[in-house]
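Trainee: Below, each chain spelled out in residue letters.
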Amino acid sequence: MEADTKAKRHVVCRADEIQPGASKRVQVAGRDIAIFNVNGEYSAIGDRCPHEGASLCAGAIVGLAEADEPGEARMTRHGEFVRCPWHGWEFDLKTGKSWCDPRRTRVKKFDLAVEDATKIVEGPYKIDVFDIRQEGSYLVIDI
Amino acid sequence: MTSPVPSATNLRAGSLPIAGLGAIDCDVHPRSPRRQDLLPYVDDYWREIFMSREIDHLELSGYPETLRPNRAAPDAGNGDAASLAKALLDPLKLDAAILNVTSGVHAIFDPYLAQVLCQATNRWLAAEWLDRDPRLRASLIVPLQHPEAAVAEIEAYAKDHRFVQVLAVVMNDKPLGQRYLWPIYEAASRHGFALNIHAGNTYRHAPTQSGFNSYLVEDFVHQTQGFANQVGSLLAEGVLAKFPEMKVVLSESGVTWMPSLMWRMSKDWRGVRIEVPWVKEMPSLLMRKQVRLTLQPFDGPSDPAQAARAIAHLGGDEMLLFSSDYPHDHRIDVAYWPANLPEELAARAARENALATYPRLEV
Ligand code: FES
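Taken in sequence, the protein lines are chains V and Z. Counting in my numbering, the final residue of the first sequence is number 143, and the numbers go up one at a time with none missing. Counting in my numbering, the final residue of the second sequence is number 1363, and the numbers go up one at a time with none missing.
Just so you know, the hints here were simulated from the structure itself, not pulled from any lab data. Note that beta-carbon positions come from the ideal geometry of N, C-alpha and C, so glycine has one too. No false leads were mixed into what you were given.
What follows is a set of in silico ranges between Cβ atoms, one per label pair, in the way DEER data are often shown:
hint : chain 1 : residue 1 : chain 2 : residue 2 : range
1    : V       : P20       : Z       : D1317     : 51 to 61 Å
2    : V       : G71       : Z       : P1040     : 42 to 52 Å
3    : Z       : Y1203     : V       : A73       : 30 to 40 Å
4    : V       : D16       : Z       : T1208     : 57 to 67 Å
5    : V       : D101      : Z       : N1213     : 33 to 43 Å
6    : V       : E52       : Z       : A1308     : 25 to 35 Å
7    : Z       : E1281     : V       : R74       : 13 to 23 Å
Pairs of lysine to aspartate or glutamate residues, derived as EDC-like cross-links and limited to a Cα-Cα distance of at most 20 Å, are as follows:
hint : chain 1 : residue 1 : chain 2 : residue 2
8    : Z       : K1242     : V       : E66
9    : V       : K97       : Z       : D1268
10   : Z       : K1267     : V       : D92
11   : Z       : K1242     : V       : D68
12   : Z       : K1267     : V       : E66
13   : Z       : K1242     : V       : E72
14   : V       : K97       : Z       : E1281
15   : Z       : K1242     : V       : E69
16   : Z       : K1267     : V       : E52
17   : Z       : K1280     : V       : D92
18   : Z       : K1280     : V       : E72
19   : Z       : K1280     : V       : E80
20   : Z       : K1280     : V       : E69
21   : V       : K97       : V       : E52
So that you can see chain V by itself, here it is in the shape it has in the complex:
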């Protein structure tokens, strides 16, 4: 909780720089963060795969393969996971948790908000908004 109260907000990019289905790696406070646009919803997780360090923003945004019975596979939760480009581990974009080992294997999840330029200009964090323009929406991250 303490970390939360200390979190600073950072404007990371324009929202329209990441089209639906695409991702972008940004550096905030020295950390690599992967931002994904899943059908207009943004999520931000640590970019480094906890397995061997691949860049997750290069991974495919995928659904979850599930099966109630052997041979009866189906896709669910479309677009809610990223699959690591190196060895295929799947991470839940909403929680940063590995699907296979949610307790022990996870990437950090960051709070991400889309805010209007006006709000950012008027907000208390002007130091972070040096690159904003007056129009359009921006992605802001707490770190």
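Put chain Z with the ligand on the given structure of chain V with help from the hints.
Mentor: Here is chain Z with the ligand on its own, set in the frame of chain V:
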């Protein structure tokens, strides 16, 4: 080659007697039946076939039990129920012993002959062994060559709880996870049978992935790869997931190779599990829940402290079952807990684990 029990010349006698543990011996070998044993249990057509085709003693060429070095001594004590009691069950004060017949029946190509041999062998086991000693149990022999007949045999013995598991040899036609065998697992699981995978090879394929080996020592060791293949197959094809109540008992498999299989499958499952989404849990967890291994012969270090470390990698003692593999000679005195196995395991492996493995086993 077989040492009588108790033996004065055993090389690695432990000090903890098995007697007193209320032990259940999960792998004991009666002599395999000969023609005169089976003839009473077949009809006149098959009697004619047995006689005219000279079908008598069917042995697996991988373990020809009438040849050296496998040949049991004349006093081996596995010739009939009374001598087995005297040689093994009485001195060890066993509460139960499970009889496993691994004979040439597993290698027969003719599905109907295989069926008849299985039926006759089971009837012989029931009449000549189980009826004669209430402590005896057995693996049901079923023709995997003929899954329909195998299911019928399971149904026929569903009410006879002295048959506690269904036996398959580890190296046979195809990986055991494949779907054509599932009716067998469905019936077995519904009636509470475990699946016993026993060392043995029908030589349908070379015993190694690199071809045929030249020597017996290699043949023994490569059985381990067969066991690993079968566990992998049962997991990936979904047998463990589909039949979660059915335990898979590996007999004469060794133990120390199992943790590395568990680790490796768990690791690679993370990356390729979309192929097998019915495997919903970490493979190591599924294996720990469902796979069991008998302890004789043990493939680990001879120092029990080191053996304990190797065993600890399994992540749970519940996977281990006591067995003597009697009368196969491992140069130890089976009346004592093996000196190379940690004694702390004894109570659990000798009894509790078997009771948890075999729902049909009532002692
Ligand atoms: S680096 Fe991501 S799965 Fe191996």
